[in-house]
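Chemist: Residues per chain are reported as follows:
2 protein chains.
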Amino acid sequence: MKYSYISHLYCPKCSNTFSHEQKNQLCTCGSPLLVEYDLELLGKELSKEALVGRVSSLWRYHELLPISDEKDVVTLGEGMTPLIKMPIMGEDMKIANLWMKDEGIIPTGTFKARGAAVGVSKAKELGVTELAMPTNGNAGAAWSLYAARGGIQSTIVMPIDAPKITRNESAISGSNLYLVDGLISDAGKIVAQSVADHGLFDASTLKEPYRIEGKKTMGLEIAEQMDWKLPDVILYPTGGGVGIIGIYKALTELKKLGWVEGELPRLVAVQAEGCAPIVKAWEEGKSESEFWHDSETVAFGINVPKALGDFLVLEAIYQTNGCAVAIEDEALLAEQKKLASLEGAFVCPEGAATFVAARRLREQGWIKEQDFVVALNTGMGIKYPDTISVEVPILQKGDTIRKSMKA
Amino acid sequence: MKYSYISHLYCPKCSNTFSHEQKNQLCTCGSPLLVEYDLELLGKELSKEALVGRVSSLWRYHELLPISDEKDVVTLGEGMTPLIKMPIMGEDMKIANLWMKDEGIIPTGTFKARGAAVGVSKAKELGVTELAMPTNGNAGAAWSLYAARGGIQSTIVMPIDAPKITRNESAISGSNLYLVDGLISDAGKIVAQSVADHGLFDASTLKEPYRIEGKKTMGLEIAEQMDWKLPDVILYPTGGGVGIIGIYKALTELKKLGWVEGELPRLVAVQAEGCAPIVKAWEEGKSESEFWHDSETVAFGINVPKALGDFLVLEAIYQTNGCAVAIEDEALLAEQKKLASLEGAFVCPEGAATFVAARRLREQGWIKEQDFVVALNTGMGIKYPDTISVEVPILQKGDTIRKSMKA
Numbered sequence: 001m002k003y004s005y006i007s008h009l010y011c012p013k014c015s016n017t018f019s020h021e022q023k024n025q026l027c028t029c030g031s032p033l034l035v036e037y038d039l040e041l042l043g044k045e046l047s048k049e050a051l052v053g054r055v056s057s058l059w060r061y062h063e064l065l066p067i068s069d070e071k072d073v074v075t076l077g078e079g080m081t082p083l084i085k086m087p088i089m090g091e092d093m094k095i096a097n098l099w100m101k102d103e104g105i106i107p108t109g110t111f112k113a114r115g116a117a118v119g120v121s122k123a124k125e126l127g128v129t130e131l132a133m134p135t136n137g138n139a140g141a142a143w144s145l146y147a148a149r150g151g152i153q154s155t156i157v158m159p160i161d162a163p164k165i166t167r168n169e170s171a172i173s174g175s176n177l178y179l180v181d182g183l184i185s186d187a188g189k190i191v192a193q194s195v196a197d198h199g200l201f202d203a204s205t206l207k208e209p210y211r212i213e214g215k216k217t218m219g220l221e222i223a224e225q226m227d228w229k230l231p232d233v234i235l236y237p238t239g240g241g242v243g244i245i246g247i248y249k250a251l252t253e254l255k256k257l258g259w260v261e262g263e264l265p266r267l268v269a270v271q272a273e274g275c276a277p278i279v280k281a282w283e284e285g286k287s288e289s290e291f292w293h294d295s296e297t298v299a300f301g302i303n304v305p306k307a308l309g310d311f312l313v314l315e316a317i318y319q320t321n322g323c324a325v326a327i328e329d330e331a332l333l334a335e336q337k338k339l340a341s342l343e344g345a346f347v348c349p350e351g352a353a354t355f356v357a358a359r360r361l362r363e364q365g366w367i368k369e370q371d372f373v374v375a376l377n378t379g380m381g382i383k384y385p386d387t388i389s390v391e392v393p394i395l396q397k398g399d400t401i402r403k404s405m406k407a
Numbered sequence: 001m002k003y004s005y006i007s008h009l010y011c012p013k014c015s016n017t018f019s020h021e022q023k024n025q026l027c028t029c030g031s032p033l034l035v036e037y038d039l040e041l042l043g044k045e046l047s048k049e050a051l052v053g054r055v056s057s058l059w060r061y062h063e064l065l066p067i068s069d070e071k072d073v074v075t076l077g078e079g080m081t082p083l084i085k086m087p088i089m090g091e092d093m094k095i096a097n098l099w100m101k102d103e104g105i106i107p108t109g110t111f112k113a114r115g116a117a118v119g120v121s122k123a124k125e126l127g128v129t130e131l132a133m134p135t136n137g138n139a140g141a142a143w144s145l146y147a148a149r150g151g152i153q154s155t156i157v158m159p160i161d162a163p164k165i166t167r168n169e170s171a172i173s174g175s176n177l178y179l180v181d182g183l184i185s186d187a188g189k190i191v192a193q194s195v196a197d198h199g200l201f202d203a204s205t206l207k208e209p210y211r212i213e214g215k216k217t218m219g220l221e222i223a224e225q226m227d228w229k230l231p232d233v234i235l236y237p238t239g240g241g242v243g244i245i246g247i248y249k250a251l252t253e254l255k256k257l258g259w260v261e262g263e264l265p266r267l268v269a270v271q272a273e274g275c276a277p278i279v280k281a282w283e284e285g286k287s288e289s290e291f292w293h294d295s296e297t298v299a300f301g302i303n304v305p306k307a308l309g310d311f312l313v314l315e316a317i318y319q320t321n322g323c324a325v326a327i328e329d330e331a332l333l334a335e336q337k338k339l340a341s342l343e344g345a346f347v348c349p350e351g352a353a354t355f356v357a358a359r360r361l362r363e364q365g366w367i368k369e370q371d372f373v374v375a376l377n378t379g380m381g382i383k384y385p386d387t388i389s390v391e392v393p394i395l396q397k398g399d400t401i402r403k404s405m406k407a
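For the record, the sequence lines run as chains A and B.
Start counting the first sequence at 1; every next residue gets the next number (UniProt numbering).
Start counting the second sequence at 1; every next residue gets the next number (UniProt numbering).
Since the hints were made in silico from the structure, they are not lab data.
Just so you know, not all the hints are guaranteed correct.
Pairs involving identical chains hold if they fit within one copy or between any two copies, as the list cannot separate such chains.
What the hints assert, rightly or not - Straight-line C-alpha distance at most 30 Å; calculated BS3-like pairs for lysine-lysine:
| hint | residue 1 | residue 2 |
| --- | --- | --- |
| 1 | LYS397 | LYS23 |
| 2 | LYS48 | LYS85 |
| 3 | LYS306 | LYS44 |
| 4 | LYS229 | LYS48 |
| 5 | LYS44 | LYS94 |
| 6 | LYS397 | LYS280 |
| 7 | LYS2 | LYS229 |
| 8 | LYS2 | LYS338 |
| 9 | LYS255 | LYS286 |
| 10 | LYS337 | LYS71 |
| 11 | LYS2 | LYS397 |
| 12 | LYS48 | LYS337 |
| 13 | LYS189 | LYS2 |
| 14 | LYS164 | LYS337 |
| 15 | LYS164 | LYS338 |
| 16 | LYS397 | LYS164 |
| 17 | LYS337 | LYS280 |
| 18 | LYS189 | LYS164 |
| 19 | LYS85 | LYS71 |
| 20 | LYS397 | LYS256 |
| 21 | LYS71 | LYS44 |
| 22 | LYS280 | LYS306 |
Throw the hints in and build the complete structure from the sequences for me.
Modeler: This is the structure we're talking about:
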C-alpha cells in the first residue's frame, strides 16, 4: 500500500502530461493541469470499507490525494465537516431532503482550508520555500496560516474591500500582505508580475494543480457521509469554481473506483447577480465565460469576473445535466437571516445564495420534492460581520427587562 | 440498548437527588446539580470499540449524554474537534509531546457550542419554550443559534464590551438580545430578575445541569483520540469553569467504565492575571474562591469574577494534583502571534494563555520534557479581531511588489 496513488499531471485541454515530482504551474498551452491517480491499482488495494475508523479529517482519503510521503502533510485537522439536515428550511421550500454541507466548521472558517492544506503540503513536498497568490480574502487567510505551519513564506495580495478579518489571519501568520485598490483580477496581475520578477511559486487559483485536490474531498465526504449513495442535486457557490470542479472530479474518481453507482448528482453553479459570468455562458450554451465588467456583490468570495477554470466548471454542469443560477444580494441576505432564525445556522452570504437557488429551482420544478439536495455553505457567517446590522438595547447595572419577549 | 443511560440528578454539596425528567435548576441548597448515569449497566452493554465508525460529532457518545430520546437532539454537527500536534511550539518550550485540542473547529467557532447543543436538546426534551442567560458573548451566541434550531425563544444579556461578532450571531438568530454597561456578573443579576419576574428557564452557567454534559465531551474525545490512553497534563482556560469540571467528570466516568486506566491527567486552570479568583483560592489552599473586584483582561471569555462552580473547579485541580496559573495579557497576546506564525494556528486569547502556562510550568519543572501535554484552545482567533493590529501596504492597480520579502 502506497500513501498516495498519484501517477502524473495532465492537461484537460491538450492532453499533455507532466510529472508530479517537479514544480508545475500551468500547461504549456495555458490550461490548468489536473492530477491523475492510478485508480485501477487503488481499486484493487483499497476498499471503501477500510476508511471506517480513520482520522476524522480529509487525510482519511490520503490515497486519493497527491502527497507521496505522509511526513510532508501540513494539517490543522481540516475536513469531515458536518452534513446536517435542514428540515425546517426544507419544509419551507418543499424539499423533503434538504441538507447542508457546512464548510464553516473547519480551520480558518471556510472551505479554503482544504485547498490550502493539500496545496501547501504538496508545495512543501516539492521544496517550495516561498509562494504568492491573489485572493478575495479567505483563500489568502487559509494559505497564509497553512504556509506558516509548513515553514513556507507567503506573499498575499487582496482587494481593499475583502473581509477585514481575513487581513488579521494573514497578518498574524507572518505573511507579506498587500491590499490593492481594485478587484481580485487586479491583485492577480500584481501577483503574476511578482512571480515573474522574483521567481516565487504561483499559488493562484488553478495555476498550481493541487488546490483542487483538497477541494475534491468535499465530494468524497458527501459520498461517504451518505453511505456511498449520491444526492440528486448539489448546489455550489461559484467564484473561481475550484469547489465545483473538485466535487465533479471526486465523484468521477469514485465512479471509476466502483465505490458509487448510478447517475452523478446534477451540479448547480450559484453566482451573484452582480457577477455571473458562468451563468451567462451556461445560458448561452457556451463552453467558456467572458470577463464580467464592473462586478459587485456582498458575497465577496464569488466576486470573480473571469475564472481560469471556467471551461471546467461548465463541463461539470453540462456533463451532469446541472444548471447555473444568479441570485440578487437582497435575496441572499434575506435567506441568510432565515437560515439563522429557523435552523440556527449562521452561514456566509455565498452559502445563503445556494439556498435561494434551491428554493427557486424547486419553484420551477427543476428540483423535485423528493430529490435529495445538498447545499454547500462555504464558510462561517462570522467572517462577514458587516452583512448583519444589529441594533441592541443597552441596559445599566441593576436595570430590569420589562417583560418576556415571547409574545 | 437505551439511547441515554442517564439515571438522575444529584447535588455534589448536600447529596440530595432529583429527577432528570422535570425542569431543575439549582439544588435547594444553592449548589449546581450534576447528572448521574447508570455506568454499571452501560459498562455491560457498550464497549468502547463500538464507537468506531460512529458519527463524527459529540453525539457519538449519546449513551453518556442526558437526552433520552434521539428525536430531541438539536445538532449542528458539533464535536470531534481536531487534536493536533504542535511540534514547533513544543520544541520551542521543550515539551516533546505538545498537542492542541482545537475547539475553534465547531459551529459558532467556540467550545460553547458543546454546552449549547446538549443544554438546548435537554431543554427541548423537558418542554422549555423560552430560556434566558447572561454571557460574555460566545455562550450567548451559541445558545441563541441552537435555541433557534430547537424552536426555543432566547433572551441574552451580554456586557457591552463583549466581542461584537457575538452580537451578530445572537441577533441574526432572532434572540432577544440586550447589552449591559457592566460585567457578566451584572448581566447575571438582570437575568436572575427576569427569570424571577417572567418564569423563564434559567440557562446561566451551572444553573441548569446539562451544559456541563456537553462540555464533558471534550474529555471523552481527548481519551478516544489518544486511543484511550490519557495525557499527563491538560491545560484549560478557566472562567466559569464548566469546561474543566466537565473534563474531570468525563475522565472519572471513563475510569468507572473501565475504558481508561491509570492516573488522571493533572488539570491546570489557566486564568488571566486581571481576573484570577481560582488561582488565588488554589494558592491559598481554599475550596472556594472570592469575588474578584475590578476584573479586566483581553481574554474576555475568562473574565468571570466569581464562578458558581468554583468549588468543583478547585476539587478537579486538587483531586488530580493539578494547579492554577495566571497569565498577563501582554504575554498571552505575544503567544497568540507565536502560535500563528510558527504553527499556523490562529487561536483565541484564552487559548493562547494555556500555551503560556505550559511554557512557564515547563520552565519551573512542573511539566517534564517527556510529559504528554494537551492545551485546550477554546475558540477561533477570528472571533476577536480587535486583538490583532494590522498595518498593510496599499497598492494601486498595476503597481508592482518591489521585491520578494524572503530575505
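Chemist: Are the hints correct? Go through all of them and say.
Modeler: Going down the list of hints, with the structure as the test:
no.	hint	result
1	LYS397 x LYS23	between (62 Å within a copy, 29 Å between copies)
2	LYS48 x LYS85	both (24 Å within a copy, 27 Å between copies)
3	LYS306 x LYS44	neither (40 Å within a copy, 61 Å between copies)
4	LYS229 x LYS48	both (13 Å within a copy, 28 Å between copies)
5	LYS44 x LYS94	neither (42 Å within a copy, 44 Å between copies)
6	LYS397 x LYS280	between (57 Å within a copy, 27 Å between copies)
7	LYS2 x LYS229	both (27 Å within a copy, 29 Å between copies)
8	LYS2 x LYS338	neither (47 Å within a copy, 35 Å between copies)
9	LYS255 x LYS286	within (27 Å within a copy, 64 Å between copies)
10	LYS337 x LYS71	between (43 Å within a copy, 25 Å between copies)
11	LYS2 x LYS397	neither (64 Å within a copy, 46 Å between copies)
12	LYS48 x LYS337	neither (39 Å within a copy, 41 Å between copies)
13	LYS189 x LYS2	neither (39 Å within a copy, 61 Å between copies)
14	LYS164 x LYS337	both (21 Å within a copy, 18 Å between copies)
15	LYS164 x LYS338	both (25 Å within a copy, 21 Å between copies)
16	LYS397 x LYS164	between (33 Å within a copy, 20 Å between copies)
17	LYS337 x LYS280	within (28 Å within a copy, 44 Å between copies)
18	LYS189 x LYS164	within (22 Å within a copy, 35 Å between copies)
19	LYS85 x LYS71	between (36 Å within a copy, 13 Å between copies)
20	LYS397 x LYS256	neither (65 Å within a copy, 45 Å between copies)
21	LYS71 x LYS44	within (25 Å within a copy, 41 Å between copies)
22	LYS280 x LYS306	within (12 Å within a copy, 60 Å between copies)
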